[in-house]
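Use these hints to put chain B onto chain A, whose structure you have.
Chain by chain, the residues run as shown.
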Amino acid sequence: MKAARITAQALRTMCRYRLRTILMMLGVLAGIASLAILTSIGESTKRDTLQRFKNMMGTFDTVIVRPGGGRSRGMPTLVTVPPTLRFDDAEAIATRLPEIKAVAKLQNAFDIDVKYRERSTAPAIFGVSDNWLALRSEDVREGAFFTAEQDRALARVAVIGADVRRDLFPGEDPLGKTIRVAGVPFEIIGLLRSRGAGPAGASLDNIILIPVNTAARRLFNRDFLTMLIAQVNDPEQGAEAAKAVSSLLRERHHIRPPALDDFTVTNPAAAMAQVTRARSTLTRILTGVAILALLIGGIVIMSLMSISVSDRQKEIGVRRSVGAARGEIVLQFLLEAVVVAAAGGVAGVLVGWGGLEVVTRWQQLPRVLLWQPFVVAMAMSLIVGTVFGIYPAWKASRVDPVEALRS
Amino acid sequence: MIEVENISKKYSRGTGVVVDALKEASFRVAPGGFVVIRGPSGSGKSTLLNILGCLDRPSAGSYRLDGEDVSGYNDNRLSRVRNAKIGFVFQSFNLLPRTTALENVELPMVYGDGHVDRKRALSALDRVGLTARAHHYGTELSGGEQQRVAIARALINHPVLILADEPTGNLDLSVGREVMRLLSDLHREGRTIVLVTHDDAIAAYAEREIVLRDGAIVSDRVQAPQPELQTTGGSQ
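Line order of the protein sequences matches chains A and B.
Per numbering that gives the first Met the number 0, residue 0 is the first one in the first sequence, and the count goes up by one each step.
Per numbering that gives the first Met the number 0, residue 0 is the first one in the second sequence, and the count goes up by one each step.
Everything labelled a hint here was simulated from the structure, so no lab data went into it.
A portion of the hints provided could be inaccurate.
[Stated by the list, open to error] Here are the computed distance ranges between Cβ atoms for each label pair:
#1 A/Trp361 <-> B/Pro96: 43 to 53 Å
#2 B/Thr14 <-> A/Ser302: 27 to 37 Å
#3 A/Thr6 <-> B/Lys9: 46 to 56 Å
#4 A/Ser309 <-> B/Thr14: 24 to 34 Å
#5 B/Ala215 <-> A/Leu22: 44 to 54 Å
#6 B/Gln222 <-> A/Arg11: 38 to 48 Å
#7 A/Ile389 <-> B/Gln225: 34 to 44 Å
#8 B/Glu177 <-> A/Val386: 42 to 52 Å
#9 B/Asp19 <-> A/Leu294: 44 to 54 Å
#10 A/Arg11 <-> B/Glu177: 24 to 34 Å
#11 B/Gly13 <-> A/Ser309: 17 to 27 Å
#12 A/Ser302 <-> B/Gly13: 38 to 48 Å
#13 A/Ile389 <-> B/Asp213: 34 to 44 Å
#14 A/Leu22 <-> B/Val221: 56 to 66 Å
Every residue gets a Cβ at the ideal spot worked out from N, C-alpha and C, and that includes glycine.
With the rest of the complex left out, here is chain B:
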């Protein structure tokens, strides 16, 4: 599913200082995998996630997604890949303002090749248990509801890869657990999930853990998923 070979990312920061955000990282994720990426702030997690999500291009190395080498793609082709193959779930939900839950879920279909299928959007909302809230604006929904709308939106085009960046970071514990249960269900259905988090309890849902430090992978190990792991609290 994901084949990353020696990818690096360099940023030039204003005064000619070049920052190595990623240094020759390589790993593979098989279809249906559930991987958590961990590491301290500035370790390159976000950079890696943006590259995996085709929002950013690596400076060097190759990235194959679903058998397709996307590292040399231009903006148009990357946009098509994001639309057809990737679903994003963000920490701050990122629903469009002044837009209903249903319209948010329909959004990826606007940029796809088919038509905007309202029925499909409604059944996606049903999947996350929000049929009754379909015509509410984002501001009228609770945090947990907003994140579930975002998950429905991420699922609507049947992506092969779901990328979640601290999906529970803005939620309290019980609501966060609900969201994680949804993601685990998706994993059980065979979807590939890559998750970025600081939170041990959240990381415990994954079956593999990749740790980054200073842009390099320092640990990559398989773990037994422990959903509902009780820790001392929410995010550390």
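Just chain A, same shape as in the assembly:
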């Protein structure tokens, strides 16, 4: 096939003019590598944020209620919240609202003194309902979680996080051991699966879970909640469910306009959408920068190819004299541009991989290797080669063989 023979000519020319070929490749290489790196970083930080958010929130099909109006920052604790959210508010939401599948109660405090023999630590203590784990998609790694009966019976049982285990039981099996939480003895019945870091980067494993009623009556002696999490039946209806919870609580707390809520209802899905949107903007900007770099690579190809067309007038004349039609000259030069760009693209992808490895280690980003940016980058390099090869190839085909051969 003639096209195959012309392709072979294009490849041979590229090999024989190595320096020119390498120079042309470099522009595309830089563009493709930065495109691959920047879009990968954009995408992986986005996923990272999402993951940290999930670590903190558990599932997204929930509505979170905190005591007190207005926005409060960070995790609430018994010390910081007003006593407006009651245990029977949780029961009412669970039983009276059809939108709500289940409700988990929370009563928590931080930096509570916990001792085991001579060792001590100061984790967060979370008094929670028995359905806490299910609502937060968390899991017990060893042992068991406490039951509704144990909660009702004010059992002094605890499930500990990975950090607590590390601090109190190095090289020892904690199951069945008794720890003292602020002086009150608790038996360890389970170990939580590690959750890693939250959005702020702090560990989520420095925690002890105990039954919420035990916490209220035997440990903290408080009869209000710091938070409740209501799971909605239909994740798409999160906003409606939040509204239903609000009006039920206003009714129960006898709040009438213009009085403001003495609680705050938030919907994690809505909050997440906002974070994702902000991250997408960043990704778009990074992608724009990379595409600009790729365009510059294309312009490098176009200018070097145009110069090469002027240098290769005689070659073009010879090829025409032995029977190359204009279209065949166009084909050869276009192929040279496309192959150079594709080779630059492949090299760029390899450099991009390497660069991504370096950047993720250096910035301690999660190593998310996505294939999409690389496929897109390869496709872009082919497009760049074609688009920026058209003008030089056309110019080559317009070389007058009579003029070219005379010199």
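Leaving out everything else, chain B in the frame of chain A:
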């Protein structure tokens, strides 16, 4: 073989000045003919040769090559004619840079209808006595060797017409004579050759001489070929 009827070529040079490079030239060359075209610079020799070589089209008149009227052909068809029927030999050899002798000889096959036949290219190189230099680049060859590679390239597709434009112009006398001997051999084998030269000794190889002046044929006469004619020197 060649039937040229009243062909003219006009060029417009920038500021609306029209130059008549050829004025109603007519002649015929029978198959197997060996014609030399002579004339001073600017007489239209090159223009005529480019038209005969299908690199250029006449402004008027008709040109039949090997029974085919090519004067109205488009670029594609002219390219096919050049590929299949015409072999060029240039004054400055015009081998492709950074390309071996063998690859140069193979070049016309790239644009032909068959495949690139390496054996055929090697035997063409053998024909011009350069088998040993097949894998050398043009820059590693002497002028005479380069011109012989160019002749092998011109022959590779078995053209009916060989066009040579001052083929010895860049060669010294003895090497030039070798190249002319090669062309005479091709003529003896029955190929049609049209040669452009200033050099009397080179012109003497041909059996017919057409002289151009100011774009018109002023003389067209048959001559007895006198190869190896000794003159006072190389090109005048």
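Structure-based check of all given hints:
no., hint, in the structure
1, A/Trp361 <-> B/Pro96: 43 to 53 Å, "46 Å, holds"
2, B/Thr14 <-> A/Ser302: 27 to 37 Å, "32 Å, holds"
3, A/Thr6 <-> B/Lys9: 46 to 56 Å, "40 Å, violated"
4, A/Ser309 <-> B/Thr14: 24 to 34 Å, "25 Å, holds"
5, B/Ala215 <-> A/Leu22: 44 to 54 Å, "51 Å, holds"
6, B/Gln222 <-> A/Arg11: 38 to 48 Å, "45 Å, holds"
7, A/Ile389 <-> B/Gln225: 34 to 44 Å, "55 Å, violated"
8, B/Glu177 <-> A/Val386: 42 to 52 Å, "50 Å, holds"
9, B/Asp19 <-> A/Leu294: 44 to 54 Å, "49 Å, holds"
10, A/Arg11 <-> B/Glu177: 24 to 34 Å, "30 Å, holds"
11, B/Gly13 <-> A/Ser309: 17 to 27 Å, "21 Å, holds"
12, A/Ser302 <-> B/Gly13: 38 to 48 Å, "28 Å, violated"
13, A/Ile389 <-> B/Asp213: 34 to 44 Å, "43 Å, holds"
14, A/Leu22 <-> B/Val221: 56 to 66 Å, "58 Å, holds"
Of the numbered hints listed earlier, those contradicted by the structure are 3, 7, 12.
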